[in-house]
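Trainee: Following the hints, position chain U against chain R.
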Amino acid sequence: MRESFLTILSKRTEKIDDLLALLDSGDIKNLTKAWNSSYRWVGKELLNLNVEELELLQKINSDIDWSLWTNDELVRALVVIEGLKVDSEFFNKISRYFDFRETIAACRVVALLDDPSRYVFFATESCRSNSVDVFRAMALGNPFPYHHFSDLSFDQMVIKSMFLGLPLSPIVGLQKRKTSETRRMAQDYCEELSSAGRPMPVDIELVLETKKEQEV
Amino acid sequence: MFYFDPHIHMTARTTNDYEAMAAAGIRAVIEPAFWLGQPRTSIGTFEDYFKSLTGWERFRASQFGIQHFCTLGLNSKEANNKELSDQVMEILPHFLFKEGVVGIGEIGFDEMTDLEEHYFKLQLEMAKEHDLFVQIHTPHRDKKNGTIESIRLVKEAGLDPTKVIIDHNNEETLPYTLESGCWAGHTIYPDTKMDAPRMVKLLQEYGLERMIVNSSADWGKSDPLSVPKTANLMREADFSEEQIQKVMWENPIDCFAVSGQFTRESLEVDVHYDQSELFQGNSVLRGQVAEAK
Numbered sequence: 000m001r002e003s004f005l006t007i008l009s010k011r012t013e014k015i016d017d018l019l020a021l022l023d024s025g026d027i028k029n030l031t032k033a034w035n036s037s038y039r040w041v042g043k044e045l046l047n048l049n050v051e052e053l054e055l056l057q058k059i060n061s062d063i064d065w066s067l068w069t070n071d072e073l074v075r076a077l078v079v080i081e082g083l084k085v086d087s088e089f090f091n092k093i094s095r096y097f098d099f100r101e102t103i104a105a106c107r108v109v110a111l112l113d114d115p116s117r118y119v120f121f122a123t124e125s126c127r128s129n130s131v132d133v134f135r136a137m138a139l140g141n142p143f144p145y146h147h148f149s150d151l152s153f154d155q156m157v158i159k160s161m162f163l164g165l166p167l168s169p170i171v172g173l174q175k176r177k178t179s180e181t182r183r184m185a186q187d188y189c190e191e192l193s194s195a196g197r198p199m200p201v202d203i204e205l206v207l208e209t210k211k212e213q214e215v
Numbered sequence: 000m001f002y003f004d005p006h007i008h009m010t011a012r013t014t015n016d017y018e019a020m021a022a023a024g025i026r027a028v029i030e031p032a033f034w035l036g037q038p039r040t041s042i043g044t045f046e047d048y049f050k051s052l053t054g055w056e057r058f059r060a061s062q063f064g065i066q067h068f069c070t071l072g073l074n075s076k077e078a079n080n081k082e083l084s085d086q087v088m089e090i091l092p093h094f095l096f097k098e099g100v101v102g103i104g105e106i107g108f109d110e111m112t113d114l115e116e117h118y119f120k121l122q123l124e125m126a127k128e129h130d131l132f133v134q135i136h137t138p139h140r141d142k143k144n145g146t147i148e149s150i151r152l153v154k155e156a157g158l159d160p161t162k163v164i165i166d167h168n169n170e171e172t173l174p175y176t177l178e179s180g181c182w183a184g185h186t187i188y189p190d191t192k193m194d195a196p197r198m199v200k201l202l203q204e205y206g207l208e209r210m211i212v213n214s215s216a217d218w219g220k221s222d223p224l225s226v227p228k229t230a231n232l233m234r235e236a237d238f239s240e241e242q243i244q245k246v247m248w249e250n251p252i253d254c255f256a257v258s259g260q261f262t263r264e265s266l267e268v269d270v271h272y273d274q275s276e277l278f279q280g281n282s283v284l285r286g287q288v289a290e291a292k
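First to last, the sequence lines map onto chains R and U.
Okay, so the first sequence: first residue is 0 according to numbering that gives the first Met the number 0, each after it adds one.
Okay, so the second sequence: first residue is 0 according to numbering that gives the first Met the number 0, each after it adds one.
Quick caveat, the hints were computed from the structure, so don't treat them as lab data.
From the three backbone atoms N, C-alpha and C, an ideal C-beta is built for every residue, glycine too.
Where hints are given, some of them may not hold.
SDA-like mimics (lysine to any residue), calculated; alpha carbons at most 25 angstroms apart, straight line [claimed, not checked]: (1) U:K143 with U:P196; (2) U:K50 with R:N49; (3) R:K175 with R:R117; (4) U:K76 with U:L173; (5) R:K43 with U:V268; (6) U:K162 with R:D17; (7) R:K92 with U:Q86; (8) U:K127 with R:Y96; (9) R:K43 with U:R26; (10) R:K43 with U:Q86; (11) R:K32 with U:G54; (12) R:K43 with U:D159; (13) R:K10 with U:T262; (14) U:K192 with U:K220; (15) U:K76 with U:K120; (16) R:K28 with U:S51; (17) R:K32 with U:Q260; (18) R:K14 with U:T262; (19) U:K200 with U:Q260; (20) U:K127 with R:T31; (21) U:K292 with R:E44; (22) R:K14 with U:D159; (23) R:K14 with U:V257; (24) U:K76 with U:P92; (25) R:K43 with U:D130; (26) R:K175 with R:D150; (27) R:K92 with U:Y272.
Counterexamples of contact, computed for chain U against chain R with all Cβ distances above 12 angstroms [unchecked claim]: (28) D159; (29) L201; (30) E290.
What the simulated footprint calls covered on chain U by chain R, stretch by stretch (three residues with Cβ under 8 angstroms from a Cβ of chain R suffice, anywhere in the stretch; the number is not a length) [unchecked claim]: (31) 48-58; (32) 93-101; (33) 271-279.
Bound conformation, chain R alone (with noise of 0.2 angstroms):
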């Protein structure tokens, strides 16, 4: 993962060899810095992946949605796994300090970290943000949630992304994962649409439906 990620990060800095110094330093304090800096090594921008790039990253995870990943995002992935290298507490004590932008960031970096289980907190307490683009990071082209989420924090989050008005395809594993309590807790939530008068969600179906009708 990390020379694939060196590989497209080479073409977006001069300074890759900076970078590196402070990831490799095994110096927490520089590590910290790459993290609250890393914007300024590479931008904020879209990764913009070329098909070869996007089949590095794909053998990586396929399930992630690259496409929505930003150059800083990929440096804070690599800081980080350095970090919790040097100190398993690691995300755990940056997070406290998060802005924004980061918080983000650290939604689609916990799908790429050993010990999952460590995230489950941090990745159920995203879903409840107010946020949208924070919510949208953690259900969105996400592998976490598919695999490391309870019945119901998976399916309060499919639930969540409807009220919210955001598309349910790109719910990482919605099929396999959906049970008959989410398509109960989806039929009650357009039954208050339809008192409300209210339009019923696009792609309501991909809940609604049964995994027998889908294969029919």
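Mentor: Relative to chain R, chain U alone:
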């Protein structure tokens, strides 16, 4: 003409102020961290204050077409609380490199105690270590001595004076600040620190190089339009538009752009904002029709 107010405490101001500032041509501000009128009692309030300056306040300013930056640090008044100050020193590095932070500030002296000097020095060392800009507050009382001592500490720390602004200058302190090579900030307050006519005289006497004007408007009696009002007084005193632009726009850009957080081009882009946008679920609107530009 665009104006830049490089020292203003917007968290203490209203949306009416933001609207008036935008209408007067203010396009960018720097908000130094300072004390809130009464002493803080726990580190959590510092932490949330720093988060606000790098989060909600930036968003709030953007909703009126104003770009907001900040400096973060332990102010001199609260440096006299050792227990709390040590904790601030611990959390400060977590914030100094975040988006929108242009340096360490406002730090310096209040009563010139040993503790104030201790934390002032620590923060100057931090600036030296990480090559950060420093915004220095000079004291209300014993001001000349406080300014001279501040300059001494800057020199001892080995800082590049072009990456330091000594603020709240007056007729007595300005010669020392200019001689040091640091930028010279001047706060235009309605009745105290420095008023606009005196400021114009200083510009006539000392020229425009490294001269900065700000409002330092906060929760006290102060005027967030001090910068454009002083510019108008410069016009009456026959300064050219180019000269006014240099002091009120170009100088603060040259001063703080070393932080890498903005360029002249990034500040002079067309203003785009949409007040229907949310920040973490919150809006600047309270039921009003959203303005957009």
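Trainee: Evaluate each hint against the coordinates.
Mentor: To see whether the hints hold, each was checked on the structure:
no., hint, in the structure
1, U:K143 with U:P196, "holds, 21 angstroms"
2, U:K50 with R:N49, "violated, 36 angstroms"
3, R:K175 with R:R117, "holds, 23 angstroms"
4, U:K76 with U:L173, "holds, 23 angstroms"
5, R:K43 with U:V268, "holds, 18 angstroms"
6, U:K162 with R:D17, "holds, 22 angstroms"
7, R:K92 with U:Q86, "holds, 15 angstroms"
8, U:K127 with R:Y96, "holds, 23 angstroms"
9, R:K43 with U:R26, "holds, 22 angstroms"
10, R:K43 with U:Q86, "violated, 31 angstroms"
11, R:K32 with U:G54, "holds, 18 angstroms"
12, R:K43 with U:D159, "violated, 29 angstroms"
13, R:K10 with U:T262, "holds, 23 angstroms"
14, U:K192 with U:K220, "holds, 12 angstroms"
15, U:K76 with U:K120, "holds, 15 angstroms"
16, R:K28 with U:S51, "holds, 23 angstroms"
17, R:K32 with U:Q260, "holds, 15 angstroms"
18, R:K14 with U:T262, "holds, 20 angstroms"
19, U:K200 with U:Q260, "violated, 32 angstroms"
20, U:K127 with R:T31, "holds, 18 angstroms"
21, U:K292 with R:E44, "holds, 23 angstroms"
22, R:K14 with U:D159, "holds, 24 angstroms"
23, R:K14 with U:V257, "holds, 18 angstroms"
24, U:K76 with U:P92, "holds, 20 angstroms"
25, R:K43 with U:D130, "holds, 22 angstroms"
26, R:K175 with R:D150, "holds, 11 angstroms"
27, R:K92 with U:Y272, "violated, 34 angstroms"
28, D159, "holds, 19 angstroms"
29, L201, "holds, 36 angstroms"
30, E290, "holds, 21 angstroms"
31, 48-58, "holds (count 3)"
32, 93-101, "holds (count 6)"
33, 271-279, "holds (count 3)"
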